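Working from the sequences, and respecting the hints, build out all of it.
63 is the number that my numbering gives to position 63 of the sequence shown; each next residue is one higher, with no gaps.
Calculated directly from the structure, the hints in this document are not laboratory data. Keep in mind the model is a prediction, meaning the values are calculated, not measured. Glycine included, each C-beta is placed from N, C-alpha and C at the ideal position. A portion of the hints provided could be inaccurate.
Said to hold, decoys possible - No more than 20 angstroms apart at the CA atoms, straight line, and that leaves these computed lysine to any residue pairs for SDA-like:
no. : residue 1 : residue 2
1   : K113      : E158
2   : K20       : E174
3   : K45       : T11
To be verified - Distance ranges between label pairs, derived from CB positions:
no. : residue 1 : residue 2 : range
4   : K356      : K121      : 23 to 29 angstroms
5   : N94       : E194      : 25 to 31 angstroms
6   : T314      : I3        : 39 to 45 angstroms
7   : A245      : M384      : 39 to 45 angstroms
8   : S166      : H64       : 25 to 31 angstroms
9   : D90       : G9        : 22 to 28 angstroms
10  : Q263      : L18       : 56 to 62 angstroms
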Amino acid sequence: MKILDVQQGSTEWNAARLSKFTASEAPAMMGCGWITREQLLRQKKTGVEPEISESQQRLFDKGHETETLARAIIEEMIGQPLYPVTALSDEHPNLLASMDGITLDEEVIFEHKLFSEKLAKQVRSHDLEPKYYWQLEQQLLVANAKYVIFVISDGTKENMHYMHYSSVPSRREELIASWEQFEKDLEAYTPPEEPTVAANIEQVPMLVVQSNGFTLTTNIDQIQAWHQLIKDKCADELENDQDFADRESLIKAIKKAEPIIEQAYQQVIGASGNVSLILNALQEMKGSLRRLRLDGEKLITAKKDQIKQGILSTYATEVEQHLIAGNKKLSELLGATVIIPIEKMEITNALITETKGKRTLESFRSAASAAAAQLKVGANLFHMRANENIALFKDWASHNDASSISSSEYDQLVTDSQMLQHLVAEGVEQWEGYERVLAKLTKSEELAELEAA
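Structure, rendered in structure tokens:
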């Protein structure tokens with residue numbers, strides 16, 4: 001790893017974090033952090049991070065204080081000093097990690113979190129949530145260390161729990177592939193508009209009726225003008241969260257206006273003079289406002305569903321095209337047709353699952369984007385593994401005539417003991433790929449059968 005000469009919390013440290021992909025950002029990038037993947041994309045694109053509140057700062061200060069106390073306890077326990085460092089990965093120079101401590105030989109990392117009973121249960125059971133282990137995976141990747149001593153405490157031995165976390169190969173592989181996809185998405189990312197604030201809708205004027213016994217004076221024209229304004233606004237198109245927020249605010253204004261118009265109608269009935277024109281106008285407005293409200297409520301639901309379906313379709317098509325492109329490249333390498341066995345409907349269903357409960361279009365789109373990214377990562381990993389497999393076996397005539405390869409067939413291909421027996425029969429134990437084949441054979445019974453032969 002490349003250690004940066006920056007102090008954690010300094011301006012230089014913050015600048016380095018902004019320009020790289022950090023371990024603390026890994027959970028958000030993977031869609032399980034304290035902020036969404038969409039929010040992380042926005043921060044990286046704009047360089048603007050949310051302001052830290054006083055309560056958050058007090059919590060951070062408490063965390064730093066307990067971290068210092070806990071570090072001393074762990075140093076005594078392992079008999080080695082721990083040095084806080086910020087470093088870049090040698091192999092992946094865009095990946096950064098700030099570690100609470102690392103031993104001088106760079107083999108053991110110390111990571112501390114403020115005590116909570118929920119997290120303590122996870123540590124005691126050695127079963128961390130993804131929002132914790134993705135950070136640890138990146139720290140281990142950057143430092144190329146053996147394991148992390150993951151500690152939670154309040155700074156005392158009495159209230160301290162810890163566990164050792166070692167990298168899980170499949171997680172590391174997924175982490176790297178996910179950051180690669182994030183980088184592509186970041187390059188194409190356009191930040192959305194500012195957060196939605198519904199427009200204020202002017203309330204309907206109160207009806208004023210004055211009569212001297214011969215003439216009747218009212219402000220019905222003001223009420224009619226307000227009614228026309230409402231009708232015009234109800235004709236506006238609905239396309240984004242701002243439009244929907246404004247329309248919902250408009251519907252609320254109509255709901256408030258309906259009893260006011262009814263009250264005005266009853267008021268005019270009791271007035272003396274020629275009130276028929278006013279009554280007719282109020283009666284027409286009563287019916288119109290009711291229709292506008294009911295139709296508006298239906299339109300909001302239908303239009304929002306339509307837009308959400310469009311978002312799902314867009315991302316499903318995007319993932320589908322990603323799969324097709326990957327299949328094409330792999331097919332060219334293999335000289336045969338390669339198909340990832342997944343239908344567009346399966347992609348859409350996966351997106352629906354991840355977007356469930358998202359009320360606003362922005363949160364819905366953000367969830368769909370994150371889910372699509374993970375599907376792309378899954379496809380990338382499949383193609384990468386299949387590519388490795390083809391590189392191992394493409395020269396063997398018995399496997400060059402395959403017309404297709406699916407995920408299940410691929411699994412069989414890389415675990416087929418007959419393939420290994422063929423290698424042994426050909427006397428190629430010294431072939432450089434032999435050990436790689438052995439590593440892929442995970443079924444102990446197959447190995448036992450081979451050894452018996």
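A quick look at each hint next to the structure:
Straight-line distance between C-alpha atoms of K113 and E158 comes to about 15 angstroms, which keeps the hinted pair within the 20 angstroms bound. Distance hint between K20 and E174 is fulfilled; the C-alpha atoms sit about 18 angstroms from each other, no more than 20 angstroms. Restraint check: the Cα-Cα separation between K45 and T11 comes to about 19 angstroms, which is no more than 20 angstroms; the hinted pair holds. In this structure the hint that K356 and K121 lie 23 to 29 angstroms apart at CB holds, the actual value being about 27 angstroms.
Distance hint check for N94 and E194: the Cβ-Cβ separation is about 29 angstroms, which falls inside the suggested range of 25 to 31 angstroms. With their beta carbons about 43 angstroms apart, T314 and I3 fall inside the hinted range of 39 to 45 angstroms. Here the CB-CB span from A245 to M384 is close to 43 angstroms, well matched to the stated 39 to 45 angstroms. Take S166 and H64: their Cβ atoms lie about 26 angstroms apart, and the range 25 to 31 angstroms holds.
Between D90 and G9 the C-beta distance comes to about 25 angstroms, which sits within the given range of 22 to 28 angstroms. One distance hint, 56 to 62 angstroms for the beta-carbon pair Q263 and L18, holds here, with the actual separation near 58 angstroms.
Of the numbered hints given earlier, the model fails none.
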